Amino acid sequence: MTDTALPVRLVDGAVAIGGRPILRGIDLTVGSGEFVALMGANGSGKSTLVRALTGLRPLAAGELHLFGTPFDDFAAWQRIGFVPQRTSASSGVPASVWEVVASGRLTRRRLLRPLSRSDRRAIHDALRVVGLDDRARDGVSHLSGGQQQRVLIARALAGEPDLFFLDEPTAGVDLPNQHALADALRQLKGRGATIVLVAHELGPLAPLVDRAVVMRDGRVAYDGPPLADHEVHHPDFGEPHTHHHHATPAAQHDHAPDVAAPLEGPR
Amino acid sequence: MSGLELFALPFMQRALLAALFTGLAAPAVGTYLVQRRLALMGDGLGHVAVTGVALGLLTGTSPTWTAVVVAVLGAILIEVIRERGHTNGDVALALLFYGGLAGGVLLTGLADQSAASLQTYLFGSITTISATDVLVTMGLAAVVIAIAVGLSPQLFAVAQDQEFARVAGLNVRAYNLLVAVLAAVSVTVAMRTVGLLLVSALMVVPVATTQQVTRSFRSTLGASMVLGTLASVGGLVIAAFVERVAPGPTIVLLSLAGFVVTWPLGIWLRHRQRLRAPFPADDPVADIEHHSTGEHPHEHGDACGHIAVAHGDHVDYVHDGHRHAEHGKHYDEH
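Keeping their order, the protein sequence lines are chains A and B. When the count follows the numbering used here, it moves up by one through the first sequence with no breaks and lands on 682 for the last residue. When the count follows the numbering used here, it moves up by one through the second sequence with no breaks and lands on 841 for the last residue.
Derived from the structure by calculation, the hints contain no laboratory data. The structure presented is a predicted model; accordingly, all values stated were derived computationally and were not measured. Hints should not be assumed to be uniformly reliable.
[Unchecked claim] Which residues of chain A face chain B? A few of them, derived with a C-beta cut under 8 Å, are:
#1 Thr469
#2 Leu471
#3 Leu474
#4 Trp492
#5 Gly507
#6 Asp553
[As the list claims (entries may be wrong)] Computed footprint of chain A on chain B, listed as stretches where at least three residues anywhere in the stretch have a Cβ under 8 Å from a Cβ of chain A:
#7 533-542
#8 570-581
#9 807-815
[Stated by the list, open to error] Computed, partial: chain A to chain B, Cβ under 10 Å:
#10 Arg424
#11 Val426
#12 Ala429
#13 Arg466
#14 Asp487
#15 Pro499
#16 Ser505
#17 Pro509
#18 Ala510
#19 Val515
#20 Ser559
#21 Gly560
#22 Lys604
#23 His645
#24 His648
#25 His649
Each residue gets a CB set at the ideal place from its N, CA and C atoms; glycine is no exception.
Input sequences plus hints: build the corresponding full structure.
As structure tokens, this is what we get:
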């Protein structure tokens, strides 16, 4: 494994959920330091793809390498930072912002060891990047939705990873918080981090994106220079003179079948 | 009988030790159950353990150990159903609730045991606990406490966000099973103290009480362990001095009383927190028009009685539904 190895290389990847093929024939490579936006309509498979790249969804076919290591042998989890698609960072018991961010440090901590000085420095640094260093002692449930999303980004940041996966970090977040998010991601990009971001709409993140990958019905429909938000849903990806909103012809449908009996798993 | 004489009795000393360890261990595990919104898991496991106790009565082996084994199996089953299935944890719990209780009552009948012998396990009988049982209780409780506190960073992360924990390289399934097994063990530990039907109270109520006032996970975990100990030891002592009062229900009611006392405090704290939360600094309304208040009756300040709320670089005073900000010699409506 060398540092020059590609952070993400997926060849002919496929994902099936509940026996139904969802993603088919996905080829995706992400170079070191790249900022890639995975875009597409609801149900196009963009979140499923990120979940496959992080190992949360098993691949039905294809080969995935992270930093040049086949996924099954991959153990350098401290190099990966993941921001799951969530609307809230709170759970059934109060937790402080500091505690949630500190849990991002677990990739580098050994069992039964207290936080070291470098752990604390990384947590402080992560909080500063997202602009929440003055809220460290506050309960996370007292924060607004956008601030909670920033806490989740700080949590991923605290492990000091080289590769970030963010699943819809801007969904349901107001514009000022989207700008704060964009600032944090700009700093990450400046440090040379590789970023894979799932987004329905880019908004203030648009200037940061190096490359757009558009998913449509479980396949990669476009892979190239960044697109404006309204171009993504065009059949021809925004050729000149066609800058109008057309109704997307295909009806939206959810691929994952809902199974209700106790032992009938989705897998 | 005076207090000292009572505490000199061996059965009372055994009971106090059992109460102390149970009070520490049950809320420690309960915190993780509440965090995962599985507050009723202890209850489900308690019902499953009834089958275990009955199995012990039927086969003539120690009901404590059969209860541990059956409760652990039940806990693993709940986890499997939760993980493999699409159903929520609560459905899995409900399935085991009824199966466990029905199985227990059925087996007790088959064993030709009276309902009274099952009742000591259903509602606890801490004062009849034997020396061996105290040692087993202390040993199991110590293991539960050591794991729940020692592995708290990992257990916290897994309970907080499973997907994140998995991508962080933690073995989420193993930690989930660990919490389930810990819950099963602490259910059987508390079985002799408060009884299987009331076990969950000692796991959940102290946590519910402390989270009225705490803001961090660590303080919730620590304070609920303290409260659990106070309730179980206190309840035992009250029951010892008052005639015809059973320790099990006293412990549970004492811990519920703690919640009732803390609840209004929590409401008041949250209300206060809401009132004093800063107004958004980039509030566009403030820029639209410059409104000054008319003649203002007094000067706002620390002692004026109006709540001061941070608003960007200055302070707004909340005055009869208005927000007054100082501007030179007058106040602006913000």
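Structure-based check of all given hints:
Checking A/Thr469 against chain B: minimum C-beta separation of about 5 Å stays under 8 Å; hint holds. The criterion of a C-beta within 8 Å of any C-beta in chain B is met by A/Leu471, whose closest approach is roughly 6 Å, and the hint holds. For the restraint placing A/Leu474 at the interface with chain B, the shortest Cβ-Cβ distance is roughly 15 Å, beyond the 8 Å limit, so the hint is violated. Restraint check, A/Trp492 versus chain B: the minimum CB separation of about 3 Å is within 8 Å; hint holds.
The interface hint given for A/Gly507 holds, since its Cβ lies 5 Å from the closest Cβ of chain B, which is under the 8 Å cut-off. Satisfaction of the interface hint for A/Asp553 is found here, the shortest Cβ-Cβ separation to chain B being roughly 7 Å, below the 8 Å cut-off. Only when three residues or more bring their CB closer than 8 Å to a CB of chain A does the claim for the region 533-542 of chain B stand; here the count is 3, and the claim holds. Note: the region 570-581 of chain B has 0 residues with beta-carbon separation from chain A under 8 Å; the three-residue rule is not met and the coverage is violated.
A count of 0 residues in the region 807-815 of chain B with a Cβ less than 8 Å from any Cβ of chain A is obtained; the coverage claim is therefore unmet, three being the minimum. Taken as an interface hint, A/Arg424 does not check out: its beta carbon lies about 18 Å from the nearest beta carbon of chain B, beyond 10 Å. Violation of the interface hint for A/Val426 is found here, the shortest Cβ-Cβ separation to chain B being roughly 21 Å, above the 10 Å cut-off. This hint is violated: A/Ala429 has a C-beta 21 Å from the nearest C-beta of chain B, more than the 10 Å allowed.
Taken as an interface hint, A/Arg466 checks out: its beta carbon lies about 8 Å from the nearest beta carbon of chain B, inside 10 Å. Below 10 Å, beta-carbon pairs count as interface contacts, and A/Asp487 has none with chain B, the closest being about 14 Å; its hint is therefore violated. The restraint placing A/Pro499 at the interface with chain B holds, with a minimum CB-CB distance near 5 Å, inside the 10 Å limit. A cut of 10 Å between beta carbons decides the hint on A/Ser505: the least distance to chain B is about 9 Å, and the hint holds.
Checking A/Pro509 against chain B by beta carbon gives a least distance of about 5 Å; that is within 10 Å, so the hint holds. Among the interface hints, the one on A/Ala510 holds; its C-beta lies about 4 Å from the nearest C-beta in chain B, closer than the 10 Å criterion. Look at A/Val515: its Cβ gets to within about 7 Å of chain B, closer than 10 Å, so that hint holds up. The restraint placing A/Ser559 at the interface with chain B holds, with a minimum CB-CB distance near 9 Å, inside the 10 Å limit.
The closest approach between the C-beta of A/Gly560 and any C-beta of chain B is roughly 13 Å, which is over the 10 Å cut-off, so the hint fails. Because the beta carbon of A/Lys604 sits about 20 Å from the nearest beta carbon in chain B, more than 10 Å, this interface hint is broken. A distance limit of 10 Å between C-beta atoms decides the matter here; for A/His645 the minimum to chain B is near 25 Å, and the interface restraint is violated. Annotation: A/His648 was flagged as interfacial toward chain B, and the flag is violated, the nearest CB pair being 28 Å apart, outside 10 Å.
Annotation: A/His649 was flagged as interfacial toward chain B, and the flag is violated, the nearest CB pair being 32 Å apart, outside 10 Å.
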